[in-house]
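Chains as they are written, first to last, in numbering that gives the first Met the number 0: chain A, 0 to 284; chain B, 0 to 284; chain C, 0 to 585; chain D, 0 to 585.
Hints are computed from structural coordinates only; laboratory data are not their basis. Treat the numbers as computed from the prediction; the structure is a model and nothing was measured. Treat the hints with caution; some may be incorrect.
The calculated lysine-lysine pairs, modelled on DSSO-like cross-linking and capped at a C-alpha distance of 27 Å, are [stated by the list, open to error]: (1) D/LYS412 to B/LYS40; (2) C/LYS244 to A/LYS281; (3) A/LYS134 to B/LYS138.
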Amino acid sequence: MVTMQDLATPATNTWCPGCGNFGILMAMKRAIVQLGLEREKVVAVTGIGCHGKMTNYIKVNGIHVIHGRVLPVATAIKLANRELTVIGFAGDGDAFNIGMGHFSHAARRNPDITLVVHDNLIYGLTTGQTSPTSKRGLKTKSTPRGVFEVAVNPITQALASDASFVARGYAGDMRHLTELFKEAITFPGFAMVDVLQPCVAWNRINTYDFYKERVYKLEEEGHDPTDLMKAYERGREWGDRIPIGVFYKVERPVYRENFPVLKGAPLARQKLDGIDISGLLKEFA
Amino acid sequence: MVTMQDLATPATNTWCPGCGNFGILMAMKRAIVQLGLEREKVVAVTGIGCHGKMTNYIKVNGIHVIHGRVLPVATAIKLANRELTVIGFAGDGDAFNIGMGHFSHAARRNPDITLVVHDNLIYGLTTGQTSPTSKRGLKTKSTPRGVFEVAVNPITQALASDASFVARGYAGDMRHLTELFKEAITFPGFAMVDVLQPCVAWNRINTYDFYKERVYKLEEEGHDPTDLMKAYERGREWGDRIPIGVFYKVERPVYRENFPVLKGAPLARQKLDGIDISGLLKEFA
Amino acid sequence: MKCIGFRDNSVSFLVGGQAGQGITRSGSLLGKALMRGGFHVFGANDYPSVIRGSHNFYVLRASDEEVHSQADTVDLLLALNKETILLHKDELTEGGGIIYDEQTELSKGELERGDINMYPVPLNAIVEEIGGPSIMRNTVALGAAIALVGFDAEIMKGVISDTFAGRGGIIEMNHRAVEMGFDYARENYGDGFRCRLEPSGENPGRIMLTGNDAVALGAIQAGCKFYAAYPMTPASPVLHYLAAKDMEAEMVVIQPESEIAALTMVLGAAYAGVRAMTATSGGGFCLMTEALGLAAMTETPVVLMIGQRPGPSTGMATYSAQADLLFTIHASQGEFPRVVVAPGDVAECFYLTMEAFNLAEKYQVPAIILTDKYLIESHKSTEPFDPGKVGIDRGDLLIVDEWTDAEEYKRYKITESGVSPRILLGTRGATVLANSNEHTEYGYTTTDPERVMAMGEKRFRKGNALKKEVEDLNPVKVYGAEDAEVTIVGWGSTKGPALEALKMLRRDGVKARFVQVVYMAPFPAEAVGAALKGGGKLLLVEANRTAQLGALIKLNSGFTFEHFLSKVDGRPFNPGEIYDKVKEVL
Amino acid sequence: MKCIGFRDNSVSFLVGGQAGQGITRSGSLLGKALMRGGFHVFGANDYPSVIRGSHNFYVLRASDEEVHSQADTVDLLLALNKETILLHKDELTEGGGIIYDEQTELSKGELERGDINMYPVPLNAIVEEIGGPSIMRNTVALGAAIALVGFDAEIMKGVISDTFAGRGGIIEMNHRAVEMGFDYARENYGDGFRCRLEPSGENPGRIMLTGNDAVALGAIQAGCKFYAAYPMTPASPVLHYLAAKDMEAEMVVIQPESEIAALTMVLGAAYAGVRAMTATSGGGFCLMTEALGLAAMTETPVVLMIGQRPGPSTGMATYSAQADLLFTIHASQGEFPRVVVAPGDVAECFYLTMEAFNLAEKYQVPAIILTDKYLIESHKSTEPFDPGKVGIDRGDLLIVDEWTDAEEYKRYKITESGVSPRILLGTRGATVLANSNEHTEYGYTTTDPERVMAMGEKRFRKGNALKKEVEDLNPVKVYGAEDAEVTIVGWGSTKGPALEALKMLRRDGVKARFVQVVYMAPFPAEAVGAALKGGGKLLLVEANRTAQLGALIKLNSGFTFEHFLSKVDGRPFNPGEIYDKVKEVL
Ligand SMILES: Cc1ncc(C[n+]2csc(CCOP(=O)(O)OP(=O)(O)O)c2C)c(N)n1
Ligand SMILES: Cc1ncc(C[n+]2csc(CCOP(=O)(O)OP(=O)(O)O)c2C)c(N)n1
Ligand code: SF4
Ligand code: SF4
Ligand SMILES: [Mg+2]
Ligand SMILES: [Mg+2]
């Protein structure tokens, strides 16, 4: 069985002390250990940003891609080899600004992958500009008078995109987050976990203190995660109370069912010798 | 006053006979005439696709851009000169596939522009591939066994993105469409009109007959366009009954209010002489 | 088999009408029939970016020897509307003919040529009699055309049966249309037309297909199992073909949300160990450039076809150009080895696609197949492909169940060749870390100057090895005279017209050579040098304004071109244009 | 004013510590103080892509004559942690010194140099005494440093007052920190350190700023009213600066959802008649390439700054490179004229940004300012900018209320120069149609071969006119000896180290020349030719592996380089490296 030790890497961690990413990393490692996954069968796909360093810090397969492209890469890896557990890690900017174009499409395809959004409501690695999830009024390097736009809401975006598993976690609640990760990873279909992640360097508003006072658990308030309209309503809640937990889940056909060839061995294991196109050539003769 | 005649161009129309785009073109011309807009003060921004030919067929200012980029171009034109009425024309592929990344962001900024989506549920100009709004099961050149993905729903996408005016029209109902266009154009903020547009060449399912049987008007059923949750519910309706009309509208600050400099003359009319950076240089001295 | 043309042993047809009238389809049906009758054929289409209406045409040339391109002139015009007559009458050879509907009203001034034959045929009336759709007028015209050139209606009917297999009624009606057109022409015009294409009675077993078809087949044969592409003219047919054949090809075929998604998906699949590919045109390639660099940095073997069309920007979506060469070679930030290969005919489309997959995997680099609209949408008859000719070479990809080396697996192990062994994801005992940041051998991010230099050098060593291999791969082809007075230099689709021009020059006794540069990156500097030496006057032929291949040759091989034949209106070169230029140069 | 260094009239400092410790800030405060004291300064930072922790450093060099780059060695090390000592001790000049916290434990083996001076200072203790945050240790060290070189604490305090204007408490504490560091060093180390930087007592009125600052100021001065950019190192500071100054600059400043949005927004604003700009680095530029072609085809004047960093792909985000030149020049499908200009110092950043705006509008083409991290993040002191030097020239932009010509307005009117007059949207009596498809003079889509050729030629005529103008704009600068034994050729940020190397060579009596190529597109072939002629041996210096400028020179001007000094570890050239290479070449 894989242990926490097995998941460690020799890379020096360069996140700021106190960064919410530590909580996410730890919860993810625990989830992997508790689910008994083999590290060779797990693939982490990361975008560019502080969150993107995940691939350096967790000893599973990994590909650190370019900014915003976690989802198409992750989708394809899963199609290429369904024996792999594919987990994407994206920043809020990564997922909902430059990567926004992929989000709804991944969701509607419903590949059996997990997307963890390290949602610090800010651009961390590029030193503190506004993110699409930054709330109105947040002062950042690029919005010195405060953000004007209405923030992107990952929960309602996911719902409107027909995502089949929509959840929010909090990096400050490790136990809860670990359980969410386990549920998302084992959920058959596209599972998004938006994680509230304090950025101690740049976001002075959405801090641990901020969340501690506000965060509550959907499951403790009898939320029914199969009720879409209720999910929309809870998803819009952000103020004195901020819900975490599973907003919505529904099982529907996963993307790989679209492809007859995937009924056989994983693509990556298919032999390439003996291919015969002579049948195909007939139509051209 | 501008007349229908004034809005004609010498370009030969190359849409297929019977194409729904004719209805959209006509309704838009009527809306412009009825609103008494000057053609020099209107700008059409078009994407690439059959819809993109709009700029060739309507005698207002126009810029035919690249596939998917109608919204950022339109947003900037309006910021550059608020005296212009800016109307974007995008295809369903243009707006919701390659251009998806801009849609939510335009909506949440709330520039005072109109977006008309020529929603034929197919790729027209590229000869009939699936579009993000193609419904499950539609057989196209790229999905010969039928579309697998859940279709993108422009209405709920717009709602989840906090668009302030969300409507659907039908190219087969010119009078209704003209009124919608007028309302959208005069609405202060980001106004989307998703237009059901039969493509007689490639979409053999969502035809005039298909819509004639199904389309009904929200305003005739007492829909309250200020009720967001009701808007979501109506927005999800697609079957025997398909609603058209205004799903939702709410007035909120428009994007230009974010910029102090826009309180003065339009940017495009600002004089460039006499700029003096000596004050700014002080901090470097 | 007998082919008697007006000026040579080839006959040229032009089928013209409106978009949506099935012009390309008709022309290619005729082509296939002629091919089955023993002839070599080449067919190219011309159409604007319009679904219905607007003028479309298809030129088809047949001969008893290999045909590489359309001709400059038309021998027999199949005019499905009056516009076609007016637009193309001047292209007709003296003695040529026009098949058209008998009810077409042609006023005197409209056709000023007395030197051609008019063949009115009751196209509409016959279709009405049969009770078919109006598009069937094409078939009537085809019937008339083959009658005029002395061809066999049965072969034509056979092609129709195969093409519409399973659609009984349509086949029957079309057969009748062929027959009635054939009979009408026979009866009314007899043997009057002087061009002849009499079949040999033996089908030589060739295939007729487009470059797109050939690239798609090459991908299948190469074991490509994952294809993701966003529609873009002229590359979309690869998507359509593979989507239709995904079961036979055992391939996952996806139309994703954008070109960015397409290439990043391909990259994901390739990282997981699957041969994967995409195709696009210039605008889509722009959007892929960032992921191209990602493939280079992560050393992931992706394959990408570009179908060039005239730019800048949207330009002319349905026309052809060769103006993206330098962009393709330099695309993406930073410096890295890549493969850019430019096939010049359908057979090369097939074999070079296979080679591209091999090189991509052996050197773990992105490989680009650089084509253009004219190459990938034109039909050509060719010998059936030999799958064994190239074979599959996956290089240092280790497919094992378990990693048993004492040393931990290093994705970017520094080796002498620069190539680091790959393994499949999921291999027990090893995890694979790929990284877009500069990285250590294990794949961890680093900015340490020495490590960074070592990794960069490793990638460049691969590039050198790749260059050596390419120099051995026949990267430059030479056609024609050893002792040439003039050497025509070109690439990609200009090969066809250039080879036809060579034929014409040979007939004139001019000693000419054609040098086709096949590999653009790594650039085969030596092979190009060898091919140009002693070639007499040098004439560069490219479908661009800035002589892009010329720049590469000057830079790498030191040759400069005094003569440049450029074509930038989106239309292919005609052989005669090249011929004329050679004559001018000499 | 007196500057006495060890080997020349310059003194070098290195401030080192952890990310998040304000290293760059400290170094630049010191730089500004020295500048106000009459010295010329240059400061460069080095940091990994990490927010907290990890080693960061800043090198600052000051002299009584202009300084163009850092030096090879360090005279005085300000070590805010022990790691800094261990990492940089070997860079110290003989006789150099280290300021560090007195409590740092250095075991014997760790510092093997007996030839340097150790200046322990109670950095922590002083900060504790003041009750300031630990980041204030920097200020104590600065105080000590200026004491050691004989500089004036009051000037330093003045800089602090200005920098933290309005934050009274912070100013006061920092003043005390300077004083206490200063006094401690005076008392304990007196005049022992041999480097001196005694101020002249007169502030010469120079400014010290980065290339990013200068580009931003250039944009403001050029009348840029719209700036949209997606954050990307090293170009983000332009966004930060302009966002902070949007009122003063009267500019709309936007951070949109992606680079695609950024450039298409800029294009929309420019189409509407507003001067508009964006900035990015390689990965973001990849995403902009499609819109770049759109700007070319629609003839919309957009301005774009690229800050190069090492690729491929994410590479090393916070380091420097010059490997995107050929990509930049060839980016986007099709062929079109563009401006690519590469400033080499902060003043050029300012003036060439202004020139870029003018050329973009005069020729209605995209203009790119090609820089790199080293250039745009390093500080340099320079003469205050002269806004009149370049001026604003909007070319054929007609700003009128009404279009009164008898002829209807044609956006793409075919003119002799190739430039078609622009008008503002909203002008009465005229509508403006821009089109990414090939188009007629009015802007309607066309594929007509003659129209298409005419429009393409029109665009190329613009390119020729642009080329002529560029040849007149000082596109190549020559420094140093007329009768040179050796000519160093470079571009962009290598200018600084090259000029420093020239100084060193002059001291040695070597006759050397430095040729800086400023305009990359259109390439000033003649000016380059003139500059290289008679230059003796040619040495190319570039921060890339494939000699990209070398390729352009070979292709356009016919010169080849036998000698190439390349640096690809992301770090800037040191003058000594160039000097050594020249010595080797001679
Ligand atoms: C194409 C591209 N544009 C911009 C960047 C620069 N960049 C790196 S990380 C980042 C955003 C970081 O924000 P987020 O995604 O929220 O991640 P975080 O650092 O907060 O985890 C940006 C813009 C890039 N790497 N690539
Ligand atoms: C970057 C890019 N990719 C692909 C294309 C090819 N293309 C042109 S139109 C189009 C889609 C058309 O569909 P839609 O947007 O729905 O417009 P419609 O033709 O149906 O009006 C595509 C993919 C392109 N022009 N640019
Ligand atoms: S900048 Fe913010 S997100 Fe990044 S490591 Fe520091 S605290 Fe974490
Ligand atoms: S293809 Fe469809 S959308 Fe395009 S013009 Fe024809 S009917 Fe209209
Ligand atoms: Mg973030
Ligand atoms: Mg469509």
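Taking the hints in turn, this is what the structure says about them:
1. Of the supplied pair hints, the one linking D/LYS412 and B/LYS40 holds, its CA atoms being roughly 22 Å apart against a limit of 27 Å.
2. As the CA atoms of C/LYS244 and A/LYS281 are separated by approximately 13 Å, the hinted pair is consistent with the 27 Å bound.
3. With a CA separation close to 42 Å, the supplied pair A/LYS134 and B/LYS138 exceeds the 27 Å bound.
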